[in-house]
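Chemist: Here's the letter readout for the chains.
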Amino acid sequence: MATSLKPVDVAIIGLGAAGGVAVLPLARAGLKVAGLEAGTWMDPHRDFHADEVYNNVRRLVSSSPKAQQECPTVRATSSQQARSAGVHPMMNAIGGTSIHYWAQSWRLKPWDFHTRSESIRRYGPSSIPAGTTLEDWPLTYDELEPYYDIIEQEVGVSGKAGNIQGRIDPAGNVFEGPRQREYPMPPLRGAGFTDRMMETARKMGWKPFRPPAAINSQPYRGRAACVFHGYCSAGGCHVGAKNSTATTTIPDAVRTKNLTIFDKAHVTRIITDSNGRVTGVNYIRNRQEYFQPAKIVLVAGYTYENSRLLLLSKSKAYPNGLSNNHGQVGRHYFGHWSSNVSALLPYDINVWYGLPAQGVTVDEWADDTFDHAGLGFIGGASLHVYTERHPIEAAAMNTYGRAPVFGSAWKKFVHDNAGRVASTYLQTNTLPYETSYLDLDPEVRDPLGDPVCRITAGGVRENEQRALQHAQNKMEEWFRAAGAIEVTKPPNNGPGISTHAYGGTRMGDNPDTNVVDRWGFSHEAPNLGVLGASVMGSSGARNPTLTLQALAWRTAEHLVKNWKSLAG
Amino acid sequence: MIDRMNSRDVSRRALIQSAAFVPLAALVSSAQQTSPAALTPAQMKTLVAFIDRLIPRDELGPGAVEAGAQIYIDRVLAGPNAGEKDSFIQGLEAVDAYAKRVHGAAIAELSAEKRDQLLAELAGGSTPESQFFNRARRLTLEGMFGDPYYGGNKDFAGWDLIRYPGPRPAVAAEDQGLNVDVKPYRVSAYGVKYGH
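Residue numbers (my numbering), protein chains in the order written: chain P, 85 to 652; chain C, 11 to 206.
Everything labelled a hint here was simulated from the structure, so no lab data went into it.
Computed from a predicted model, the values in this text were never measured in an experiment.
It is possible that some hints are incorrect.
[What the hints assert, rightly or not] Quick list of in silico lysine-lysine cross-link-like pairs, BS3-like style, CA-CA up to 25 Å:
hint: 1; chain 1: P; residue 1: K496; chain 2: P; residue 2: K90
hint: 2; chain 1: P; residue 1: K496; chain 2: C; residue 2: K164
hint: 3; chain 1: P; residue 1: K496; chain 2: C; residue 2: K110
hint: 4; chain 1: P; residue 1: K496; chain 2: C; residue 2: K95
hint: 5; chain 1: P; residue 1: K150; chain 2: P; residue 2: K348
hint: 6; chain 1: P; residue 1: K90; chain 2: P; residue 2: K348
Throw the hints in and build the complete structure from the sequences for me.
Modeler: Below is the structure:
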């Protein structure tokens with residue numbers, strides 16, 4: 085039998101990007117919080133290195149063993165057999181994926197919150213892609229803006245505002261929604277190549293800008309500034325300039341003495357009573373099983389694990405999984421459609437150093453910034469050019485048919501060209517569809533005997549495919565204008581497993597189509613909340629972390645303000 | 011000032027050209043002295059003959075063998091990549107059998123020209139021998155261009171070849187300029203005792 089522990093006010097499952105910020109407003113309000121994290125603290129000196137073999141070949145920061153043993157399976161359509169998705173940066177550590185992420189910290193656009201109604205208004209009902217389950221979000225950009233602001237300040241985001249209360253500044257993103265104030269730090273400096281690309285985009289009549297990042301461009305709240313050493317992607321920051329929750333909100337919450345961290349705690353089930361209220365969480369630590377009673381449970385794992393844990397937590401009140409009496413857990417899942425268009429330039433671009441968040445972004449071809457009439461799709465993609473190239477990756481470059489792949493001719497080719505390849509990141513406004521969902525794999529199990537999550541990706545999406553192709557062509561134009569002699573546009577068949585995974589516990593007012601309400605609390609179990617990108621009903625054309633953090637803070641604040649009614 | 015080796019550096023090129031006449035047999039015997047961890051001495055000899063033509067020493071500097079890529083490969087097959095050790099060795103033996111069948115001798119007995127011909131036959135194909143070529147090439151790149159801590163990239167030969175200036179504690183704005191030759195910082199991420 086599980087050992088029953090001292091009850092707490094709130095049990096949070098997962099101290100990553102989402103749970104790691106939500107603990108702070110709860111702990112500041114005086115609530116007693118148990119942070120249950122399957123991983124533990126990482127040590128910047130022991131665990132983080134300027135080493136491609138360590139970070140990128142062996143993935144020793146981004147692939148914790150437990151998460152790999154629980155790796156989802158994936159298939160394109162429901163008629164196929166799912167196979168293990170292989171290595172995935174799902175993470176067990178205090179700080180979670182925010183330890184090794186690129187730290188691009190975007191606000192979504194106002195349009196992202198009502199894509200369905202705005203598309204119908206501007207382009208008519210036929211503009212909505214067939215089969216999508218897209219709904220308008222149950223909140224507006226203006227309602228989330230104060231929480232974006234809080235996260236930018238508390239976590240620390242560098243950037244340049246393009247719209248402060250309606251005042252447009254072309255040094256920032258002129259297409260962004262209005263912000264109440266400037267970023268707390270200036271943007272990361274440009275590199276020679278990103279400056280060249282910025283100048284090129286301006287000549288093309290576009291409005292490029294340096295994008296926001298949760299990276300210190302200058303010392304911030306006692307933490308160091310970025311040193312641009314070139315090992316940020318899939319690596320942790322040895323100087324603490326990457327603002328993971330492990331270096332920001334979690335230590336702040338610990339200092340209140342109201343957050344107790346239970347590390348290496350493998351949560352197996354959320355427990356409910358016969359009335360359908362959750363009573364706490366079962367977890368295993370050092371082979372011992374514990375029951376942590378809590379008045380409120382917040383699920384804050386990775387998107388795949390959030391749905392899996394709810395589906396595993398069956399009870400009398402929830403025979404098909406917790407909060408799944410409407411059959412919505414796992415629904416409206418999607419991975420972010422994205423693409424790397426790469427180019428060979430006829431000059432040394434010198435992007436060895438820096439970091440993926442050091443770059444230049446163009447938003448002309450994302451969201452609803454341009455007129456889509458006659459294009460056959462809604463949305464688009466942001467174009468982002470960046471620095472940081474590692475030597476093995478560089479030597480393994482495409483030879484574009486200009487040289488053999490071995491021998492002296494190859495040596496000459498990489499000697500001249502390994503420092504001349506640019507990568508980009510194009511992120512598409514991605515929508516949920518009926519045929520894309522998460523459930524429990526009927527065959528593959530983790531070491532405890534529990535089924536892993538199964539991803540049914542749903543096959544090709546004409547809307548996203550066209551949107552991404554359109555953006556790839558714009559990226560090629562941009563590269564050609566900068567002098568590129570080769571441009572590679574990979575095919576767009578959509579993601580299987582994704583580092584940007586959304587949905588499964590979607591947020592919305594209608595309990596028939598959504599798992600959580602506009603505040604992030606279950607429509608069925610009143611004292612259960614869900615945090616993370618699993619509540620997001622569309623992706624926007626940019627990285628999800630700042631948005632899921634703003635939503636997590638908002639859910640936590642709602643809990644504090646409505647403690648009596650929610651905690652019963 | 012720039013002190014890197016590059017193709018425009020005539021005196022350095024002359025120096026390396028003289029090094030290019032080290033016979034393969036000498037390299038193999040030096041490789042054998044490293045007492046392989048995953049491969050037998052015979053397998054190591056075959057691997058060395060193979061990767062010696064993947065990245066040969068020439069006027070642009072040391073090749074894969076001088077950089078110690080075979081040491082990296084042997085170590086990873088004994089350690090983190092132990093799961094692929096058997097399939098790697100099977101692939102190596104299959105390619106050696108191919109060499110005997112098509113070119114009349116084991117890889118280690120073939121001339122440089124014959125080995126180049128063999129590699130050209132394997133590159134870009136989809137046969138099991140070509141799959142070995144791709145995997146051996148990938149591991150050779152990891153060894154030659156990875157941190158010297160792992161046994162390859164001796165004297166930073168790989169980083170010099172592609173003009174990568176090396177991981178350094180902090181990078182100044184001027185080190186990120188276009189067309190800038192950044193002075194190489196020849197230090198492993200794990201300290202000065204690696205790489206020489």
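Chemist: Give a verdict on every hint.
Modeler: Now for the hints, and whether the structure bears them out:
1. K496/P / K90/P: This hinted pair is violated, its Cα atoms lying about 67 Å apart.
2. K496/P / K164/C: The given pair, whose Cα atoms are some 19 Å apart, holds under the 25 Å limit.
3. K496/P / K110/C: Not OK: K496/P and K110/C at ~30 Å, beyond 25 Å, violated.
4. K496/P / K95/C: Violated, at roughly 31 Å.
5. K150/P / K348/P: 10 Å, holds
6. K90/P / K348/P: 18 Å, holds
Going down the numbered hints, you'll see the structure goes against 1, 3 and 4, while the others check out.
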